Amino acid sequence: MHGCIAWRLQSDKPAGRLPPAPAHGAVDDELPFETPILIVEDEVLIAWTLHDMVVEMGFADVRLARNGAEAVALAADRHPGLLICDVNLGAGDDGVATAARIRATEWAPVLFITGYAGDDIRARIDSAVFGAALLRKPIEPRPLAAQLRAALLAQKPN
Amino acid sequence: MAGGISIDLDGINAVLKTALDAVIVMDTSGVVRGWNDVAVRHFGIAAADAHGRRMSELIIPLRYREAHEAGLAHFLATGEGPVLDTTIEIQALCADGREIPIELSITYTEHFGEPVFMGFLRDVSARRDAQRTQELLIDELNHRVKNLLGVVSGIAHLTARNAASPREFAETFTGRLAALGRSHELLTSVRWENAPLADLFAALIEPLAGARQQVEVQGEPVELGSRDLITVGMIAYELLTNAIKYGALSQEQGRLSIAWRRDGESLLLTWTERLATEGGTPQRAGFGTRMIDKCARHDLGGSTEWDWSPEGLTFSLRFTPR
Numbered sequence: 001m002h003g004c005i006a007w008r009l010q011s012d013k014p015a016g017r018l019p020p021a022p023a024h025g026a027v028d029d030e031l032p033f034e035t036p037i038l039i040v041e042d043e044v045l046i047a048w049t050l051h052d053m054v055v056e057m058g059f060a061d062v063r064l065a066r067n068g069a070e071a072v073a074l075a076a077d078r079h080p081g082l083l084i085c086d087v088n089l090g091a092g093d094d095g096v097a098t099a100a101r102i103r104a105t106e107w108a109p110v111l112f113i114t115g116y117a118g119d120d121i122r123a124r125i126d127s128a129v130f131g132a133a134l135l136r137k138p139i140e141p142r143p144l145a146a147q148l149r150a151a152l153l154a155q156k157p158n
Numbered sequence: 001m002a003g004g005i006s007i008d009l010d011g012i013n014a015v016l017k018t019a020l021d022a023v024i025v026m027d028t029s030g031v032v033r034g035w036n037d038v039a040v041r042h043f044g045i046a047a048a049d050a051h052g053r054r055m056s057e058l059i060i061p062l063r064y065r066e067a068h069e070a071g072l073a074h075f076l077a078t079g080e081g082p083v084l085d086t087t088i089e090i091q092a093l094c095a096d097g098r099e100i101p102i103e104l105s106i107t108y109t110e111h112f113g114e115p116v117f118m119g120f121l122r123d124v125s126a127r128r129d130a131q132r133t134q135e136l137l138i139d140e141l142n143h144r145v146k147n148l149l150g151v152v153s154g155i156a157h158l159t160a161r162n163a164a165s166p167r168e169f170a171e172t173f174t175g176r177l178a179a180l181g182r183s184h185e186l187l188t189s190v191r192w193e194n195a196p197l198a199d200l201f202a203a204l205i206e207p208l209a210g211a212r213q214q215v216e217v218q219g220e221p222v223e224l225g226s227r228d229l230i231t232v233g234m235i236a237y238e239l240l241t242n243a244i245k246y247g248a249l250s251q252e253q254g255r256l257s258i259a260w261r262r263d264g265e266s267l268l269l270t271w272t273e274r275l276a277t278e279g280g281t282p283q284r285a286g287f288g289t290r291m292i293d294k295c296a297r298h299d300l301g302g303s304t305e306w307d308w309s310p311e312g313l314t315f316s317l318r319f320t321p322r
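Those protein sequence lines, which keep their order, are chains Y and A. Under our numbering, the first residue of the first sequence carries the number 1, and numbering increases by one thereafter. Under our numbering, the first residue of the second sequence carries the number 1, and numbering increases by one thereafter.
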């Protein structure tokens with residue numbers, strides 16, 4: 001019986017929306033939803049999905065860049081308050097180099113996403129982009145929300 | 001020789017000649033006493049130059065020399081030799097300064113008069129290279145699989161947002177995965193090098209069965225790299241699905257023409273549907289259309305044009321192949 005009711009309540013929610021509760025580190029009202037967010041991802045379907053997830057969390061200003069050069073140009077123009085960056089970007093600068101270039105002029109927390117997170121990647125990230133977080137592909141909404149929250153609520157260095 | 005016993009070098013050499021491995025004979029003072037032809041070839045050191053030299057100065061890299069001398073002294077003092085009668089993998093130094101990986105086994109024998117050590121050495125460079133290639137391939141495969149899972153999860157997410165029912169989700173999702181699978185099959189058949197665009201369309205159209213006769217595919221020979229091919233495959237699948245549901249392939253007399261040509265650096269692909277009887281309101285700006293536009297712009301760095309006329313859809317895609 002209970003199971004049946006729970007199922008009906010679940011299915012009444014709008015499709016694809018995150019549960020509103022801040023449980024499990026999900027998004028809550030304290031977050032600065034006006035923060036401009038820049039997503040750097042070469043694979044369109046992953047970029048689009050990430051974009052949707054972040055917009056569904058409540059962020060309004062979300063931009064996509066498909067390679068390092070586009071990301072650097074967009075960052076100079078839009079001054080993102082947070083960067084979500086794929087590590088492998090195909091040809092050209094990879095995500096770590098791109099984020100490091102952006103961080104040379106803009107202060108923004110960085111969330112890296114990668115399919116294969118070996119120790120060498122972690123070491124490169126730690127030496128090139130201070131304090132960056134790392135998420136594994138495929139991206140799930142909840143861990144993404146938790147990392148976004150942690151990154152945005154962390155104290156900015158002075 | 002110590003104690004007046006001498007080594008029966010003739011006897012040893014007769015055996016060494018027939019060996020397929022490099023064989024080196026060393027006496028208990030650490031001096032080379034035998035060096036066969038294979039050892040000459042492997043290490044680039046002539047037998048005459050090797051005889052009478054200390055083993056540790058010949059083919060043992062500097063960093064192992066001390067351990068080698070210590071091991072020899074330890075064996076002579078105690079009779080314990082952990083590297084004896086077993087096989088180890090170690091680096092050996094060649095005359096030109098290269099180091100090669102070798103498989104080494106050492107035996108101690110008194111059969112030839114004075115006791116000697118016989119070292120059997122096999123160059124395992126080829127095996128090492130093969131192992132390294134295999135490791136690289138596994139890394140690459142792992143990367144591809146993870147990326148593919150990311151793409152599949154993206155397809156699932158986007159399909160779910162736009163499906164009216166679980167049944168529609170299942171149908172659309174599996175259709176998209178199947179199309180992705182066909183692009184992968186094609187790329188596997190060319191070892192993930194460039195694949196002909198014509199083969200991609202042939203693979204996508206193949207499941208249409210009878211309706212294949214309504215489709216004409218023509219274009220100059222063009223090959224695409226894996227990333228471009230997968231994206232064009234996804235675009236073509238969305239167009240094809242739309243044509244089957246609402247467009248030229250929803251009518252028995254409808255016609256679809258797929259054509260491409262090079263235009264300088266770029267490739268121009270045209271998709272022309274002609275309906276047998278003028279349809280109702282054509283489907284515009286649906287999810288498939290947005291997906292195609294996003295794929296074209298984001299993945300291919302290209303552009304699209306859509307012309308929905310009563311006779312049917314005309315679509316064109318322009319991009320510069322990588």
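If you are wondering where the hints come from, they were derived from the structure by calculation, not from laboratory data. Keep in mind the model is a prediction, meaning the values are calculated, not measured. Every residue, glycine too, gets a C-beta built ideally from N, C-alpha and C. Errors might be hidden in some of the hints.
[Stated by the list, open to error] Label-pair restraints from in silico Cβ distances: (1) P310(A) to W107(Y): 53 to 63 angstroms; (2) A73(Y) to P61(A): 44 to 54 angstroms; (3) N162(A) to E30(Y): 29 to 39 angstroms.
| task | Go through the numbered hints given earlier and state which of them the structure violates, listing their numbers in rising order. | result | none
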